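Start from chain D and add chain F with the ligands according to the hints.
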Amino acid sequence: MAIESVNDFVVRFANVNGSGSASANLLFARAVMRMGVPVATRNIFPSNIQGLPTWFEVRVCEQGWLGARGGADLVVAMNPQTWDKDVASIEYGGYLFYDCSRPIPASKFREDLTVIGVPLTEICNREYNDARQRQLMKNIMGLGALSAVLDMDVSVIEALLSEQFKGKQKLIDANLKALAIGRDWALANLQCPIGLRVKQADGVGDRIYVEGNAAASLGAVYGGATVCAWYPLTPSTSLAEGFTSYCKRLRGDAETGKNKYAIVQCEDELASIGVVIGAGWNGARAFTATSGPGISLMQEFLGLAYFAEIPAVLFNVQRGGPSTGMPTRTQQSDVLACAYASHGDTKHVLLFPRDPGEAFEFGALAFDLADRLQTPVFVMLDLEIGMNSHLTKPFAWDDDRKLDRGKVMSKADLDSSRDFGRYLDVDGDGIPFRTYPGTHPSRGSFFTRGTTRDAYARYTEEGGPYVENMQRLLRKFETAKSYVPAPLIDSAGAAARFGVLHYGSTAAPMDEAIDMLRKQGMQVDVMRVRGFPFAHAVDDFIASHEKVFVVEQNRDAQLRTLLMTEIGASPDKLVSVLHYDGSPVTARYIARAIADLVARAETPAKEGALS
Amino acid sequence: MTYLPKPKFRHPSIEKNALGLTHRDYEGSISTLCAGCGHDSISSAIMHACFELDLPPHRIAKLSGIGCSSKTPTYFLGNAHGFNSVHGRMPSVLTGANLANKDLIYLGVSGDGDSASIGFGQFAHSIRRGVNMVYIVANNGVYGLTKGQFSATSDKGAKLKKGAVNTDDAIDLVTMAIHLGATFVARSFSGDKKQLVPLIKAAIDHKGPAFIDCISPCVAFNNHDGSTKSFDYVRAHNEAVNALDFITERAPITADYDPGQTQQVKLHDGTSILLRKMNADYDIHDRVAAINYLMKHDVAGEIPTGLVYLEDEPGDMHDRLNTVDRPLNELSDADLVPGSAALAKINASLR
Ligand SMILES: Cc1ncc(C[n+]2csc(CCOP(=O)(O)OP(=O)(O)O)c2C)c(N)n1
Ligand code: SF4
Ligand SMILES: [Mg+2]
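For the protein sequence lines, the chains are D and F, in the order given. Just so you know, the numbering used here puts 366 at position 366 of the first sequence, and the rest follows in order with no gaps. Counting from 1 along the second sequence, just add 1000 to a position and that's the residue number in the numbering used here.
Since the hints were derived computationally from the structure, they do not count as laboratory data. The structure presented is a predicted model; accordingly, all values stated were derived computationally and were not measured. Glycine is no exception: its CB is placed at the ideal position from the N, C-alpha and C atoms.
Where chain F lies over chain D, by a calculated footprint (3+ residues, C-beta under 8 Å):
#1 200-210
#2 251-259
#3 267-274
Looking at chain D on its own, in the form it has when it is part of the complex (with noise of 0.2 Å):
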């Protein structure tokens, strides 16, 4: 039996990097999009630029569940050499549409699927003299016969085209006639439409689709950065770059065509580290984005810019670790690296966006932070978030607010005699006073170092006054806490047992095995960590519960011991969940493991009968 689905279903394209396939893809996900039912698309890539296989799904879900849901109703199977593979993940009753140019022996085909041959090659060989144009057109003429088996509505494609061409008249019509000519062919010589189907719904609302790298670079932006120092590095690179892109468009000065930021491409993370302290001391905002190997090259710096109280942002878009590790899949398994970087006892601010939405907000929200706490400040994107596009609430900015520059004293304040020490807390909230270079002729001026000072920055090798500065600073570390976005609970309404917590990029799959667990009657809350240190909400919610799942994307349990070592949750009570094969985690794995658990916990313990 096939499959038969309207508005719900995935599709897995299975491409040959470089082919140029990707902009026929995307337009395949956006027509979806634009006819009002969501996607969730996610790019599947090795580490190379050309000749091997990538993958790009589009998870169809009228529902609006956007994690990875596994499996493949439909593939697309365009890469030869990864055929054998693309076929045998193809749920049962589903279909197989490619390229019958050549013919390919049965045996590669399975019983139970609904394969749809389009000779694509053949009558691009037939149009086209041009290679390239073979190549290029080849793909259009695909989504133009995938638009007739799925019963799209092709109207939506062609202004999508001509969009995208806009003023190149000559490729709008080529493009148009290549996907007339697969749809043509489809509709004439296949049995249109497939048990799949997109329908026009109404889902998406005022929803945007746009990359996590570019959506936090965009925060950047807001968020008053004027200075970037960045070294390569996958997948980290495209938040640079969206930077400098939307620099360029947002941050000329009209008049004399100069800018008001400074992009610098270093050498290497630790150059990109050091520029963003030297530009936080001398009062600028300044970041780096970059991933687990370049946060391991900027620890000496990260103790230093903790204890001389310097801000800084850092973007860390998490891969598979540890060193190379799995460069192009994602992981949270940075979590433990960032919250204590460095020698010493050091601990930093972080915050975990769960989508490109809050990775725009936070990205703008991290500049405030660092200058209010003066210290460094992580945002922890991943893999997931950061390069792929997804579905998400539109930016918005509240035109009445101002950046907090936090505390500086200026010339009129030093002119006003207030007592200036460069470490002493004034406020009784850890966080001292601090003074621009350059601002008064006589008063103000200190000395920033990693040796130990007093409240006035004058070099002393005491342990007393170190010890109340490594106290002054857990002060200000506790008034973090109320900074730092608030956690968010979904409360499953009456008193229950057990509580999953998680965060970041877990969000998308956890939102649908909530709603699967709790369809099954089984009742959890949910809370989600979204920034560290953790506010005492994090301490109420783990003692209001028997049990609370902490479900993460890595191997060590990271947030967990967190959690123990920080707010002293008890071991027992945290039972981690953890997927951390580089693959985004599902609702079906989320959803299976917490309802085997709860099974378990519900079961009377039987190891006391045993011993």
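Only chain F with the ligands this time, still in chain D's reference frame:
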């Protein structure tokens, strides 16, 4: 190392500059370096240069790495902000600071270990990036702070106090700096104030990466026979390419030089350098010849000092990045935040 307070640098304290400031206003806290350390003489030369240029001390930012040499910014210009960063990484921190505010004067002080060993990469990249700064390496050929190990500028065959001989080749930071695109390159000697002060003045006035390698004997670990960075050795092997005076509009052009062949070099802002050439053929604007000259004299065991290379209208990192004239750290919310209308357009393009 001794931590006994030493008397402040000797100077005629009544003398005032155009800002009405005395030498005292250019001092920092009392040096804790060994008595006789060459680094203290460099600090003194920096104070003199700033005094003579009438610079308001708070408009200077002093940055350094880690080492005895990197400690010195505490000992001069007490009204300037200072930053003792991490070992070998002063150049990146200075680069960032400079990006944030192009209006301050950036003074980077480093050691030979700090710049030629652990920080060789950052030394190189800050120079090739064209950062407008005065980068002084107090070069003693050893790690002073960690008690006398060889650094990367120690000459091959040089002997440590306890007899160990350096078997590795030395890095010459002056040759490197020219190679990397520094637009003001000089070598001097901490014991030669007459040469060093005008060099620092000219370097401060120079817009672009100005590098001064200043040989600065370590009296504790590298001032013995067999050392090639000792006072005696340097005095005996010094080969000055030129002597100079730095002339502002205020200073009379009559410098107290012995008669010889002189050359006046006009700088971009109307100031000029008066060079008295020791070597008639030496052209400070010829990059290739400069490198040639340095290598020839190196082979002969001589240490050329003076202004070795100068590019007249160099421009800097900010010119390359085309940044606005106002310092980035002074830009307002209105300059920086594009607002909700721009965001609405971006949203529309993402649907
Ligand atoms: C990461 C790191 N490694 C090692 C050190 C130890 N250390 C401090 S200063 C120094 C060498 C300084 O030599 P130089 O720059 O020549 O300065 P000098 O003391 O000779 O003036 C070393 C190795 C350090 N501070 N940091
Ligand atoms: S460099 Fe040598 S002489 Fe100077 S303070 Fe250090 S150990 Fe003493
Ligand atoms: Mg040294």
